Structure formats: structure tokens, C-alpha cells
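Chains as they are written, first to last, in the numbering used here: chain A, 1 to 282; chain B, 283 to 564.
Derived by calculation from the structure, the hints in this document are not laboratory data.
Hints may be right or wrong, so weigh each one.
As the list claims (entries may be wrong) - Calculated pairs, DSSO-like style, for lysine-lysine (alpha carbon to alpha carbon, straight line, at most 30 Å):
#, chain 1, residue 1, chain 2, residue 2
1, B, 390, A, 270
2, A, 43, B, 390
3, A, 270, A, 193
Said to hold, decoys possible - Now the in silico label distances, taken between C-beta atoms and shown as ranges:
#, chain 1, residue 1, chain 2, residue 2, range
4, A, 187, B, 539, 52 to 58 Å
5, A, 75, B, 553, 28 to 34 Å
6, B, 424, A, 173, 54 to 60 Å
7, B, 358, A, 64, 55 to 61 Å
Claimed, not checked - Residues from chain B that keep clear of chain A, each with C-beta distances beyond 12 Å, as calculated:
#, residue
8, 316
9, 371
10, 389
Since the model is a prediction, treat every value here as computed from it, not as a measurement.
Even for Gly, the Cβ is constructed at its ideal location relative to N, Cα and C.
There are 2 protein chains.
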Amino acid sequence: MVLYLIGIGLNDKKDISVKGLETVKSCDYVYLEYYTSVIVSTKEELETFYNKKIIVADRNLVESKAEETILAQAKKQKVAFLVVGDVFSATTHIDLFLRAKKKGIEVKYIPNASIMSVVGIVGLELYKYGKATSIPYPTGSFMSETAYDVIKQNKSQGLHTLCLLDIKVSEPTPENLRKGINKPEPPKFMTIKEALKILLTIENKRGENIVDANTIVIGVARLGADDFEIKSGPAFRLEKADFGEPLHSLIIPGNMHFIEQEAIEQWKIKTPQRKKNIENDE
Amino acid sequence: MVLYLIGIGLNDKKDISVKGLETVKSCDYVYLEYYTSVIVSTKEELETFYNKKIIVADRNLVESKAEETILAQAKKQKVAFLVVGDVFSATTHIDLFLRAKKKGIEVKYIPNASIMSVVGIVGLELYKYGKATSIPYPTGSFMSETAYDVIKQNKSQGLHTLCLLDIKVSEPTPENLRKGINKPEPPKFMTIKEALKILLTIENKRGENIVDANTIVIGVARLGADDFEIKSGPAFRLEKADFGEPLHSLIIPGNMHFIEQEAIEQWKIKTPQRKKNIENDE
Numbered sequence: 001m002v003l004y005l006i007g008i009g010l011n012d013k014k015d016i017s018v019k020g021l022e023t024v025k026s027c028d029y030v031y032l033e034y035y036t037s038v039i040v041s042t043k044e045e046l047e048t049f050y051n052k053k054i055i056v057a058d059r060n061l062v063e064s065k066a067e068e069t070i071l072a073q074a075k076k077q078k079v080a081f082l083v084v085g086d087v088f089s090a091t092t093h094i095d096l097f098l099r100a101k102k103k104g105i106e107v108k109y110i111p112n113a114s115i116m117s118v119v120g121i122v123g124l125e126l127y128k129y130g131k132a133t134s135i136p137y138p139t140g141s142f143m144s145e146t147a148y149d150v151i152k153q154n155k156s157q158g159l160h161t162l163c164l165l166d167i168k169v170s171e172p173t174p175e176n177l178r179k180g181i182n183k184p185e186p187p188k189f190m191t192i193k194e195a196l197k198i199l200l201t202i203e204n205k206r207g208e209n210i211v212d213a214n215t216i217v218i219g220v221a222r223l224g225a226d227d228f229e230i231k232s233g234p235a236f237r238l239e240k241a242d243f244g245e246p247l248h249s250l251i252i253p254g255n256m257h258f259i260e261q262e263a264i265e266q267w268k269i270k271t272p273q274r275k276k277n278i279e280n281d282e
Numbered sequence: 283m284v285l286y287l288i289g290i291g292l293n294d295k296k297d298i299s300v301k302g303l304e305t306v307k308s309c310d311y312v313y314l315e316y317y318t319s320v321i322v323s324t325k326e327e328l329e330t331f332y333n334k335k336i337i338v339a340d341r342n343l344v345e346s347k348a349e350e351t352i353l354a355q356a357k358k359q360k361v362a363f364l365v366v367g368d369v370f371s372a373t374t375h376i377d378l379f380l381r382a383k384k385k386g387i388e389v390k391y392i393p394n395a396s397i398m399s400v401v402g403i404v405g406l407e408l409y410k411y412g413k414a415t416s417i418p419y420p421t422g423s424f425m426s427e428t429a430y431d432v433i434k435q436n437k438s439q440g441l442h443t444l445c446l447l448d449i450k451v452s453e454p455t456p457e458n459l460r461k462g463i464n465k466p467e468p469p470k471f472m473t474i475k476e477a478l479k480i481l482l483t484i485e486n487k488r489g490e491n492i493v494d495a496n497t498i499v500i501g502v503a504r505l506g507a508d509d510f511e512i513k514s515g516p517a518f519r520l521e522k523a524d525f526g527e528p529l530h531s532l533i534i535p536g537n538m539h540f541i542e543q544e545a546i547e548q549w550k551i552k553t554p555q556r557k558k559n560i561e562n563d564e
């Protein structure tokens, strides 16, 4: 009958829209996609809030078993598919959308906040961001340099870069999957510290002065939540800063207008007391 | 005491988040910023829904009179400042945020959907968009070519471009303002038709084959609403298509992956019956 694709926002259960909440309450089945992002409310809290049983949808269910579950049900009944943040940031949801439409299922979309627009709070103009990129965990000895290249390209045009940091939420490792073992690993969220370490390692190797120890960067954590954290400063300082709980993202500014500079000034990381000595050390 | 900056979403009164609605209901003053975007609910509908009186904030109030209104009140009481879509897409709200913080006012941000992420529904990957741009109405004989240049730059890297189309919501003309006449003009929203006409005029002048009559473009209208419209096809066809009510935006794709191509295929504009003849005409 209908497949509702509903963004539930970035932080907790109350970030869903009024329309989204009314819709979830009216549905026969409620799926929660929980592998491309996370929020602080637990599944149980959401179930109480919606007064609905929630089926957690992992990547395997959405990508390989949607036919016999979500789509089969949506043929005859009302199915809600909840996504943390907004719906169409991840390709896999476009795919679900297309598959549902091909089956003649009506698809409705209820949007919500996404990291792509919420970073606006930092004060760098949204339309001055170039291509976004992501920084994945190195796999074995392989460290992707894509992010470094994207930052380089954006900087050459004076544009800012938003780097989304890797998330591994309860997925089996590729090694285990190959062995047929579907045992999920504990969730893992890349920190700003880890991301900067990766970028500085690549800088060290390539030496193109794209992101070095003194480059001004901006770390953001838990945007959209009350306890959000934003810090700006040279990479070597932010690499030592603690941003607390996930999710973290990293912004590499391009050329800044003076209003943008004034805006990021407010997030300037506090220098330690023994400033002089510490700077001499480095 | 507190200034709440609250995104109310893109379409109607029920797009506000549950948290946003609870917050508005708890505030002493409720401002609605209504000059950088619009939604279909009227002020009166919003007032009934919130059970609050709404003060409409025009550009003049926010940019020149915030001190003695919004900020003075937020010093002592709870003030909600509602923005259609998300809050920080427009520079002017960053400015309000900074001014409030400087005065020692606590500022809280409740995010919502923005056109910058909702375009994801089209099926072009969000992270493959380059810099966004806007297409303004020509003023007198001056037609800005910025959008054309941004599209050119993005295309050279294979990236998509989101073009936001001009909005004039109840603002006085610059001429009248200079004369001290604060009489608002009727609202005006650029259509996809008008935007394409501008781009094709620039193409005609510069001849760099950035957006010509046969370039595949995507028009989107009322994204986030039930009656949203998306059409893809050559510019000369979309220039003749009717997208209905505002808001309209225009997307110029860069290089497309086959999944992106498949996705935009579903929005392909229907060719008129007398296809052959019409094509011969052109």
C-alpha cells in the first residue's frame, strides 16, 4: 500500500517531525535503519514513544532481504522505514525507493535534518562547501587518500570540505562475512582525533601542504544535540582534543570571508595555560 | 534567558519536530522569519497549531531591529525564532546567533530538513554535488553569470550543481528603500522556466556549452511536500514544462554513475505525442 521513508533526525526520539510521528503511529510495520548512523535514544525508548514494535533493519536485511520483508509488506499494508538523520544521504535508500516504485508501491518521503545542512551552525556558508567526502578506517595496510584529494580540489577553489567519519555499527567484518560468519562486531565510530591522524599521515607521505599540523580545521560532535561540541584551531591542537561521544565530523575550511572567520572564532580551542612552553616544544 | 532557533521544515505546519513544537509552546515570544523561504501553512494556521501569537520578522526587523526586539526579550525570557526549512542556510541567522551569544544569551538550535539534503530524493548522490549556487532575478539590464560559472567549475570535476532560485517575499524594492519607502512588493518566486531562460541566455552569449538546449537538467518543485514534482530532460523541454506552485529549484548533473542515471530515468519528462514532428521543428 504505502512505504513511508521517514527521517527521524540526528539526536533523539523527539527530533522526528510531528507529521513523521503521526505517520509512524498509523503504520502496520516499523523498520529502523540503524547501520549508517545512530541516535542516542534506544530502540526501546523509540518503541515506547511510538507505541509500536520496531524491527531493526541491518544492511543485510535492506540490501538483500527487502523483497520478502519490507517490500512484500508494503504491497498490502503501511510500512514505515525510519532512517536516522535524513533519508536520502545514503545510496542504499535510493535503491529501496526505486525498487518499491517498480513494484507499484506508493512511496512517501518525510524529510528531516541532515548533517549536510546542520553543519551550517559552524558559521561557514553552506553554499561555499565543495564536494563532501568521507574518511574510512584503513583496512589492513590500505589507507584511502580520497579525502585528501577532495580537500585539495576544494581548497584550490577556495571551498570548504565536510569530512564524514567512518561508522561501523554492529556489522560483521568483511573477513567474517566471506567465511559465512554473520557475527556483528561492536559498533565503532571514528573520532576527530583518528581522522586528523589519518590526514596528517597522508600529508606526511605526500607533502602537498593540504592539511598539515598548523592548518586551521574545525571538529564538530553531536550536532543537533544540546551537548554538541564545536572546536576550531590548528590540526595539531584538535588532534589532542577530546570531543566526547559520537558522532564526530571534520571540516576543512577553504577561503573564509571575514564573517565566517568571526563565526569560527567563537569555537576557538582554548590554548593550555603554559602556552609559550608548549609552543616551544612543537 | 534563551533564544531558540528552530527550523520548521519545508512544507507545512506539521514538519516541525516534536521537540520544536514543545519548545515553541513553552516560549514567551514567537518570531517567524518569512523572507528567505515560505511554507504552505499560513501564519494563522501556525498560530492555531502552536496556540501562540506569531510576530512576523521581515529582513528589516532581523537585520536592523533585533537589538530592541528579539535580543532584548531573549535576555529575560524564552524567545523562539522560527525559520522555514533549516536555520543556518542563510548568513543572516548566523549573525543573529553570534549577536545573541555576545550578549550572554543562551542559544539553542533545533534543526530540520533543508533543501540542501532533501534534493537527495532526486537520486544524485549528495556527496557528488559541488558548490551550490543561486540564480537571481536580473536587476535592470544586469544578469549575474555566477551560476553559469559555478556550474562550469563543478562540471569540470564531474560534480552536480544545485541552483537555488530567487525569492522575493514581501520586500520593498531597493529603489523604494533608497527613497525611504518601506512598501513591500508582492512575493515573487523564480520558476524553473525563468531560471533556464537565464542560463540559456548566458550560454547563448558565452557559447561554452555548459547548459545548452540539449543539456539534461532536473527541475524540482515543492520537495518535502506530498505534491512534489521532479522532472528530468533536456533543457529545451523543461523550459516548456509547468512545475506549478513554488518553490522551484534546478539541478545540473555532472557525471552520473549508472545508479544515478537509473534514478533520474524515473523522473524523465514525458515527450509529447507528436514527438517526431516536434523534434523536427527544433
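To see whether the hints hold, each was checked on the structure:
no.: 1; hint: 390(B) / 270(A); in the structure: holds (22 Å)
no.: 2; hint: 43(A) / 390(B); in the structure: holds (26 Å)
no.: 3; hint: 270(A) / 193(A); in the structure: holds (16 Å)
no.: 4; hint: 187(A) / 539(B): 52 to 58 Å; in the structure: violated (29 Å)
no.: 5; hint: 75(A) / 553(B): 28 to 34 Å; in the structure: holds (31 Å)
no.: 6; hint: 424(B) / 173(A): 54 to 60 Å; in the structure: holds (59 Å)
no.: 7; hint: 358(B) / 64(A): 55 to 61 Å; in the structure: holds (57 Å)
no.: 8; hint: 316; in the structure: holds (19 Å)
no.: 9; hint: 371; in the structure: violated (5 Å)
no.: 10; hint: 389; in the structure: violated (10 Å)
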